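Using the hints, position chain B against chain A.
Note that the protein sequences, when read in sequence, are chains A and B.
Numbering-wise, the first sequence is residues 1 to 315 according to the UniProt record's numbering.
Numbering-wise, the second sequence is residues 1 to 315 according to the UniProt record's numbering.
For the record, the hints were derived by calculation from the structure and aren't laboratory data.
It is possible that part of the hints are untrue.
[To be verified] For lysine-lysine, the following DSS-like pairs were computed, each having C-alpha atoms within a straight-line distance of at most 25 angstroms:
#	chain 1	residue 1	chain 2	residue 2
1	B	92	A	92
2	A	19	B	108
3	B	108	A	97
[To be verified] Quick list of simulated restraints, FRET-style, between CB atoms:
#	chain 1	residue 1	chain 2	residue 2	range
4	A	20	B	10	45 to 55 angstroms
5	A	96	B	253	44 to 54 angstroms
6	A	55	B	276	33 to 43 angstroms
7	B	180	A	12	27 to 37 angstroms
8	B	53	A	238	45 to 55 angstroms
9	B	246	A	12	40 to 50 angstroms
10	B	101	A	235	46 to 56 angstroms
11	A	55	B	170	30 to 40 angstroms
12	A	297	B	20	51 to 61 angstroms
13	A	101	B	22	24 to 34 angstroms
Here the structure is a predicted model, which is why all the values come from computation and not from measurement.
Think of the CB as a built atom: it goes at the ideal place given N, C-alpha and C, for glycine as much as any other residue.
2 protein chains.
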Amino acid sequence: MSNPTEQSIIDYIRKRFPKRRKELVEGIGDDAAVFRNGFVISTDSFFENVHFAMSYFTYYAVGYHCLGASLSDLAAMAASPICAFISLHLTKSISMKEIDQLHKGFRKVADPFRCDLAGGDIVTSPAFGISITVVGRSRRVLFRSGARPGSGLFVTNFLGLAEVGRRVLHEGLPRKDYPVSIAKHLFPAPRIQEAQGIKRYAESCIDVSDGLSTDTFHLAEESRVRITIDAEHVPIHSEVGEYCSKKKIEPLDFILASGEDFELLFTAKHVPRLAGVKIFRIGQVTKGSGLFLSARGKEKRIEPTGYEHLTQHGN
Amino acid sequence: MSNPTEQSIIDYIRKRFPKRRKELVEGIGDDAAVFRNGFVISTDSFFENVHFAMSYFTYYAVGYHCLGASLSDLAAMAASPICAFISLHLTKSISMKEIDQLHKGFRKVADPFRCDLAGGDIVTSPAFGISITVVGRSRRVLFRSGARPGSGLFVTNFLGLAEVGRRVLHEGLPRKDYPVSIAKHLFPAPRIQEAQGIKRYAESCIDVSDGLSTDTFHLAEESRVRITIDAEHVPIHSEVGEYCSKKKIEPLDFILASGEDFELLFTAKHVPRLAGVKIFRIGQVTKGSGLFLSARGKEKRIEPTGYEHLTQHGN
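Next up, chain A with everything else stripped away, as it sits in the complex:
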């Protein structure tokens, strides 16, 4: 889809559909909508050959991947899941066994959070797909718009792994060389617990679904601040280093553009050590606007090199 783009459609909708209801604190524009009663709701859709490839996904992995990615939107707002509504878009060839595998995947990722399946729809579709709406709750919601000058930029865990995993599977590279990356692409872990750990300290948050540069740009834009990513402080996982070396790609460029890691990217004045939560400080927030990269003592403005879900993975 060269024209219109996802962003142009979102801009169109935001302009023409202003929030009117007092029950809504925040509507279109963040990872999820936030209600005055503390409910947080988000919806996502996934299609075969657009978001996942059945050449290397099992039905179990599809279930896990799609619901994991959906629950990540709740983590980004520091909300705990209550339940999910799942619409299955099924082609006529699907079997009951495959539906069973799909649901085992849903359960595997949902059960640790006691997330119920509360409803859904089942329709025949020309293409296999899944639409998921997740409902969560939070007493203190983190928005994209809370970043303040003087804070640091943090991320939970390494980035770029999911995209390495996707490419390794897509290109048929040896799976044994990239176990962490492959697991990350197939079975993304929504950072629900981590969000509960950081929410006391974080002032803004987003999940890394569109790539480090695009998601950091969102934080800067929505918070009306300038954010600088420190090139030297972005951690590079050995599998990302390995893949980039093989493909002669600069690892930092790769990470700036890689999506679907579903790690939390947040700003905070400081974050203490949190048990079981890996956190890297990779930049800082200052007055101004825009996205910058600092390397060898020099800062330069960079553009979001974004991971466009509309055009990635497509046939």
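Quick look at chain B alone, frame taken from chain A:
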């Protein structure tokens, strides 16, 4: 999809995913899930050539039809809409003008209820489709399971019109002869106001989406009662009579099997005249179980002749 059927998948899911969260009053099994705080949430998906045909639908009508059908699930629970989450599954050929028309359709059906658009997702899909999650609220929710012996069975308005409209458009019959039916298929009105009118009196409610026989059967099953439809009291609209006469179909059989009228089917001890609400009494609830038809003084058990969304409209 000959195997598995929609019902077999729902049965599978209901059995394996029991409601666990105390925040949920009712999960899978009614028109919408009900939360303890009064929120009511439902999700539906629609695809071209399965739920609507672009040979006679405009994008405006698609927007109206899909959101209207979704809001009907809130009406069935006597909930008032707060907002909708809309996922667009777009093929690469769609234009910004078509997206604009689609959203004008969403607005037209949503605005009378001050229903906000609170979020969504935009993805590339091999087939044009829409997934919608609606969020509403009610202080007194109507369930399918509330029917009690001694009550009457009521419906708001004539039935069968939407299916006549669909067939007339599909078969290319003269549109001028079926204006009410065509409008009913393209632009279904969710009976939100009507639900507010009847909720003081009704004890159970469902919207007629799967056909009179199937939806009455659902009320009987979920309420563990016997419901008898009085053949003589089912009103027949002149356009339904006209179409059935032309096709040599018994109008009552047609109405029992026709879906997507999105009228409210409910049980109550009595219903007073309500300003602006058309209501027909078409049967009664007694002790026992199952669905019966009464004609010329004789009652016979009938099967739900169901409108299967999985197999209708398909190519």
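Results for each hint:
With a CA separation close to 23 angstroms, the supplied pair residue 92/B and residue 92/A stays within the 25 angstroms bound. Distance hint between residue 19/A and residue 108/B is fulfilled; the C-alpha atoms sit about 16 angstroms from each other, no more than 25 angstroms. Taking the CA atoms of residue 108/B and residue 97/A, the gap is near 42 angstroms; set against the 25 angstroms cutoff, the hint is violated. For the pair residue 20/A and residue 10/B, the beta carbons lie near 35 angstroms from each other, so the given range of 45 to 55 angstroms is not met.
Hint check: residue 96/A to residue 253/B, Cβ distance near 32 angstroms, so the stated range 44 to 54 angstroms is violated. The supplied range of 33 to 43 angstroms is broken by residue 55/A and residue 276/B, whose beta-carbon atoms lie about 57 angstroms from each other. For residue 180/B paired with residue 12/A, a C-beta distance near 34 angstroms keeps the hint of 27 to 37 angstroms intact. Hint check: residue 53/B to residue 238/A, Cβ distance near 53 angstroms, so the stated range 45 to 55 angstroms holds.
In this structure the hint that residue 246/B and residue 12/A lie 40 to 50 angstroms apart at CB holds, the actual value being about 44 angstroms. Between residue 101/B and residue 235/A the CB atoms are about 47 angstroms apart, so this pair conforms to the stated range of 46 to 56 angstroms. Evaluation of the 30 to 40 angstroms hint for residue 55/A and residue 170/B yields a pass: the beta carbon distance comes to about 37 angstroms. Checked against the given bound of 51 to 61 angstroms, the beta carbons of residue 297/A and residue 20/B, roughly 55 angstroms apart, stay inside it.
At roughly 30 angstroms, the beta-carbon separation of residue 101/A and residue 22/B lies within the given 24 to 34 angstroms, and the hint holds.
Violated hints, listed in ascending order, are 3, 4, 5 and 6; each of the other numbered hints is respected by the structure.
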